[in-house]
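Number of protein chains: 4
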Amino acid sequence: MTLNIGLIGAGRIGLVHAATITQRVPSARLVAVADVNEAAARACAERYNVPFFTADPHAVIEHADVHAVLICSSTDTHAPLIEAAARAGKPIFCEKPIALDLAAVDRALDAVARAGVPLQVGFNRRFDPNFERLRRAVAEGEIGEPHLLHIISRDPAPPPIEYVKVSGGLFLDMAIHDFDMARFLLGSEIEEVFVAGAVRVDPAIGEAGDVDTAVTLLRFASGAIGTIDNSRRAAYGYDQRAEVFGSKGMAQTLNNYPNQVIVSTAESVRRDLPLHFFMQRYVESYQREIEAFVQAVLEGTPPPVNGDDGRAATVAALAAKRSLQEGRPVRLREVSA
Amino acid sequence: MTLNIGLIGAGRIGLVHAATITQRVPSARLVAVADVNEAAARACAERYNVPFFTADPHAVIEHADVHAVLICSSTDTHAPLIEAAARAGKPIFCEKPIALDLAAVDRALDAVARAGVPLQVGFNRRFDPNFERLRRAVAEGEIGEPHLLHIISRDPAPPPIEYVKVSGGLFLDMAIHDFDMARFLLGSEIEEVFVAGAVRVDPAIGEAGDVDTAVTLLRFASGAIGTIDNSRRAAYGYDQRAEVFGSKGMAQTLNNYPNQVIVSTAESVRRDLPLHFFMQRYVESYQREIEAFVQAVLEGTPPPVNGDDGRAATVAALAAKRSLQEGRPVRLREVSA
Amino acid sequence: MTLNIGLIGAGRIGLVHAATITQRVPSARLVAVADVNEAAARACAERYNVPFFTADPHAVIEHADVHAVLICSSTDTHAPLIEAAARAGKPIFCEKPIALDLAAVDRALDAVARAGVPLQVGFNRRFDPNFERLRRAVAEGEIGEPHLLHIISRDPAPPPIEYVKVSGGLFLDMAIHDFDMARFLLGSEIEEVFVAGAVRVDPAIGEAGDVDTAVTLLRFASGAIGTIDNSRRAAYGYDQRAEVFGSKGMAQTLNNYPNQVIVSTAESVRRDLPLHFFMQRYVESYQREIEAFVQAVLEGTPPPVNGDDGRAATVAALAAKRSLQEGRPVRLREVSA
Amino acid sequence: MTLNIGLIGAGRIGLVHAATITQRVPSARLVAVADVNEAAARACAERYNVPFFTADPHAVIEHADVHAVLICSSTDTHAPLIEAAARAGKPIFCEKPIALDLAAVDRALDAVARAGVPLQVGFNRRFDPNFERLRRAVAEGEIGEPHLLHIISRDPAPPPIEYVKVSGGLFLDMAIHDFDMARFLLGSEIEEVFVAGAVRVDPAIGEAGDVDTAVTLLRFASGAIGTIDNSRRAAYGYDQRAEVFGSKGMAQTLNNYPNQVIVSTAESVRRDLPLHFFMQRYVESYQREIEAFVQAVLEGTPPPVNGDDGRAATVAALAAKRSLQEGRPVRLREVSA
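Chains as they are written, first to last, in the numbering used here: chain W, 1 to 337; chain L, 338 to 674; chain R, 675 to 1011; chain B, 1012 to 1348.
This is chain W alone, in the form it adopts within the complex:
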């Protein structure tokens, strides 16, 4: 059984999914692609042998051969396209975040609920072997009851300043992955956040009203305490680590490297830099999240990361943003209610 997928958005992440579906997921087939830039849609169609391309996302959603829709277009289009796909009764995979404001998220989730279609949100890091193993250490009690959590999430370089301006900022664009990871690792809801943020990487980011460096302190419903460390620029590349400390021990995940070679000379004992960015670092997780989505749709089981997960991460990000603005701890229910 094969799932015919229609892709909306043939930008960077859309092309990652197109490659994954075509080359690595035998149970799925890419049958249609849309991009507001029609040339991008055509290029994608040619490269991955997709029979139909268009500038109109609705033409994909409504295409008779399309069983499920992958939404990879710009963030502001996510919620309306989810609603459209839900109305069309098509299963949906949507990149994070669902929307930058909660009202839009809720409208989209309502549409999904009414239509009864499955929705998976693109928190791919849950499917990364490192974080999956960390979650397993927690879930299986290997380290006892979790007390403390630390997530390090630093990019190798900031995105273009134009993107920073429309992306929703550090918390809604970048740290949203980390809010989801925090919930995933501990299996508990975030109740309160307190943010210390700064502009240390690029003054232009500050001028755009955002920060590029931040530590977010988290309190969980379970009583656990956590931190998220974000920077837009790590000189040594992509830094993606986490540590959970519990009553019986501690589990931590280190970075991934391109090779396991250590060179010792008169200067130092050294290795090459970690995998540079998400395209290299998370390649396996992209495959596995799509496999999980395809399997869930084909088997009629609930997707492993759903709309509530997407909403919860957004709520945390919005609370973090408010904490930064107001210089005080913010409870998530202040934002969510």
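Because the hints were derived from the structure by calculation, they are not lab data.
Do not rely on the hints blindly, as some may be mistaken.
[Claimed, not checked] For lysine to any residue, the following SDA-like pairs were computed, each having C-alpha atoms within a straight-line distance of at most 25 Å:
no., chain 1, residue 1, chain 2, residue 2
1, L, Lys-585, W, Ile-262
2, W, Lys-165, W, Met-279
3, R, Lys-922, B, Phe-1288
4, B, Lys-1259, R, Pro-832
5, L, Lys-585, B, Pro-1269
6, R, Lys-922, B, His-1287
7, R, Lys-922, W, Ile-262
8, L, Lys-585, W, Asp-272
9, W, Lys-248, R, Ala-940
10, B, Lys-1176, B, Gly-1217
11, B, Lys-1176, B, Gln-1336
12, R, Lys-922, R, Phe-894
13, W, Lys-248, W, Glu-145
14, W, Lys-248, L, Pro-540
15, R, Lys-922, B, Pro-1171
16, L, Lys-585, W, Val-201
17, W, Lys-248, R, Asn-933
18, L, Lys-585, W, Val-199
19, L, Lys-502, L, Ala-441
20, L, Lys-502, L, Ala-541
21, W, Lys-248, L, Pro-497
22, W, Lys-248, L, Asn-592
23, B, Lys-1259, B, Gly-1155
24, L, Lys-502, L, Val-373
25, R, Lys-922, B, Ala-1219
26, R, Lys-922, B, Glu-1278
27, W, Lys-165, W, Arg-233
28, W, Lys-165, W, Val-16
29, B, Lys-1259, R, Pro-833
30, W, Lys-248, L, Ser-490
31, B, Lys-1259, B, Arg-1146
32, W, Lys-165, W, Ala-312
33, R, Lys-922, W, Glu-267
34, W, Lys-248, R, Ile-936
35, W, Lys-248, W, Gly-141
Chains L, R and B: place on chain W using the hints.
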């Protein structure tokens, strides 16, 4: 040239210093020891061949052969003994903290200033090869301008509950080392703290009015942001790590282990647990801090960790305590003024 | 431009290549498959959508649509199939070893030379990122002139005893990869070998006339000295490491692991076992060796691992076998001449 | 109870022991020191507060206050001084090797046996925490029955060429520690050695009739196989590792480092070089071997490393030398009989 030292307090840390002076610091000699428990003073004197012992600390301070005083008695006696030693014109090494309230600290430091005697505070971790190397990475610009700092400081087991009650609590007793380490590593003053604390290890600690698990968020004068992670009980032993992230890179120190052996079997790839507690982990730092004190006194140079350092860490600890009580960020100047 | 490949042999390694070509090498297409067990050929054809299958390898070699031949059948058929493919003027990729006796190797290489077709031998480990990086450390002078080399190559479990009997034994079947790796890493020819072998894993292997545990000492034309450590059974899984020591330093490669998670509990500080066997460990190298072959054929450039490499490793393996039998150092020219 | 020790030889290693006894072994006291260079004896006496010094080793041996003798003079004097101390009925600690020729070793051991005095040989590495833990992994069955052993033992720089000429060469001077370690780790006797040696570090070493680079293949009575890798110059410092592979797993020890700091920059992920040489790397083992000797003498129990251990390592070294000269495997009984 040899420095004759009088030791006040022959408890756990006093005996560490007695052994260090006797066996590892040829330029110093232990010539007198006092302990309110005279039997403890006698036992120390016999074990380390000390010619004079007494139950009266002032008999040590005023002893003609004593060139310098080491104060290792209970915390509440530190400040008055510093004042007495200062009046006697003797150089002072005092264990941390100077006092649990700032007025007492300030009276002691005033006495020291008036007497013009050198005072070194026992922040031994500054002399640990790992933290010293980390400081060097920052000071020499190896990782650029510091943006973020993380300190992990977890004990293998909580102290007896009776000790918890009089020690000043997690922040003044345990985290005070970490506040000093934060200042030391970044070379910048802490301006604000925000604490999330919890009782996760032992309810009795909560009943005693303290927490046993805490994350403290720090803001520095330099603009850097930091965290301190404290737990009274790590199942795997003493956990003493730190990481500084800067504009040009990152330096982190891992734990010390009793050996470098890795065993791979059908179950796992594993090593033995880290060095269990401070007596093993920091043995080298205790020697080096005493050497530094002896050298400073003999050469007439300022001690490398002084009364202002002792005061600053206490201020941070008091601010942390208030942040915990009031659930809000607290600026250090609120406490210090 | 696409290379149409015909596969001969649909066993374990044949299926690895079939999957690689189909899913990961867009510039190649699998157009025919043969296996003496026709059901295996059919199953492979169905799974990977191959238009033609047969029990007759010559039907693949002579198939008009087949541009190049992949020989993955049993070792005794390699040499005659190489000759047949060479006569048909088709580029050849052949699994190691070319043959168990040197006369057969030489006949095959003569046929290849006469036909002027490209031949690549399946020493996939050269394409592994770890070994490639190690080679680079040597080739670019990062560690100076090589003095010493150590290769550790241990399997998680011995093959079935029936396979042991026909495989040519430890040196021709298993260590042949390591002889190639030794030549590849140092860029110098092996001149002499001395073997210490033993039966420690399974007495049945000894009864079959083979050893299951061996250390081979190597002398290179460059003056370097090396060792190869082989065992048929490592309790902890697949162990594939190497180290080159030179005048300016040392480069070593460690094993690959399924994740980067470290778990610390009251018992130990541990991680999961290394990737279990070659299918997991070398998956990337299989893709890259096929890509290299396809590219070489399409561009008309020489393949990166050729018949001489295949022959040299066989000569070393035969010399090792003789050293084991005669208990003395054996020069490769004794075997090769 | 205190053991009064007389030291013979106040050179490099003699001073290490003098410092150890004086500062770190409370149950021992240094009461006499001899050196053929009387100024060296005097300097040592002054530095470590030793009441008696002399140019005459026999004056130390026969000194009434001397309970036990430490022989740290040049290798050629070891055997005759052992004999003299044995005749004087004094317990003996002697640096390795006992002698460069076996007849001298046997005469010395005979004298010791006749006198019934304890003799400990200075194989300090057995007391190193890493190697001790490795031995424990083997002795306690953690890795099952040992099959394979590898020892890496590389110095940071060759000794002065004048020392090379008289030291007995690479095998008797440097590798003798490794032959002892091999016996210690496996708990089995070496039966045969085969050496591949080369001059790669300094031609002057070759002109002096020695090699500076060697791999020695070992066969043990237990059936295990091992290698020793020696180089006189590792660019990155002292390299002291070992690995034992057995039926149930593998235990390996890595190097010791001055700190646990890792620095990640745009260039690499690196740490400082390993501890540079034996004075830093083995400081703990020197203390523990002296403690073991003092305890054995005071308690009347056999020393943990005895004359037979000293002899066995010498036999292995002599066999290795012959293997190098004759280019063939040499059984130890050829040398020993």
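Verification of the hints:
1. L/Lys-585 <-> W/Ile-262: The hint holds at about 22 Å.
2. W/Lys-165 <-> W/Met-279: holds, 23 Å
3. R/Lys-922 <-> B/Phe-1288: holds, 17 Å
4. B/Lys-1259 <-> R/Pro-832: holds, 15 Å
5. L/Lys-585 <-> B/Pro-1269: Given that 25 Å is the threshold and the Cα spacing comes to 23 Å, the pair holds.
6. R/Lys-922 <-> B/His-1287: holds, 16 Å
7. R/Lys-922 <-> W/Ile-262: holds, 14 Å
8. L/Lys-585 <-> W/Asp-272: holds, 16 Å
9. W/Lys-248 <-> R/Ala-940: holds, 7 Å
10. B/Lys-1176 <-> B/Gly-1217: The hint holds at about 10 Å.
11. B/Lys-1176 <-> B/Gln-1336: holds, 17 Å
12. R/Lys-922 <-> R/Phe-894: holds, 19 Å
13. W/Lys-248 <-> W/Glu-145: Since the Cα atoms of W/Lys-248 and W/Glu-145 sit roughly 7 Å apart, the hinted pair holds (cutoff 25 Å).
14. W/Lys-248 <-> L/Pro-540: holds, 17 Å
15. R/Lys-922 <-> B/Pro-1171: OK: R/Lys-922 and B/Pro-1171 at ~20 Å, within 25 Å.
16. L/Lys-585 <-> W/Val-201: Since the Cα atoms of L/Lys-585 and W/Val-201 sit roughly 11 Å apart, the hinted pair holds (cutoff 25 Å).
17. W/Lys-248 <-> R/Asn-933: With a Cα-Cα distance of about 21 Å, the restraint between W/Lys-248 and R/Asn-933 holds, given a limit of 25 Å.
18. L/Lys-585 <-> W/Val-199: holds, 16 Å
19. L/Lys-502 <-> L/Ala-441: Satisfied, since the Cα-Cα distance of roughly 19 Å is no more than 25 Å.
20. L/Lys-502 <-> L/Ala-541: Since the Cα atoms of L/Lys-502 and L/Ala-541 sit roughly 10 Å apart, the hinted pair holds (cutoff 25 Å).
21. W/Lys-248 <-> L/Pro-497: holds, 20 Å
22. W/Lys-248 <-> L/Asn-592: holds, 18 Å
23. B/Lys-1259 <-> B/Gly-1155: With Cα atoms ~5 Å apart, B/Lys-1259 and B/Gly-1155 stay inside 25 Å; holds.
24. L/Lys-502 <-> L/Val-373: Holds, at about 20 Å.
25. R/Lys-922 <-> B/Ala-1219: Cα-Cα ~24 Å, so holds.
26. R/Lys-922 <-> B/Glu-1278: holds, 19 Å
27. W/Lys-165 <-> W/Arg-233: holds, 17 Å
28. W/Lys-165 <-> W/Val-16: holds, 24 Å
29. B/Lys-1259 <-> R/Pro-833: Holds, because 18 Å separates the two Cα atoms, which is no more than 25 Å.
30. W/Lys-248 <-> L/Ser-490: holds, 16 Å
31. B/Lys-1259 <-> B/Arg-1146: holds, 15 Å
32. W/Lys-165 <-> W/Ala-312: holds, 23 Å
33. R/Lys-922 <-> W/Glu-267: holds, 10 Å
34. W/Lys-248 <-> R/Ile-936: holds, 14 Å
35. W/Lys-248 <-> W/Gly-141: The hint holds at about 8 Å.
Hint check: no violations occur; every hint is consistent with the structure.
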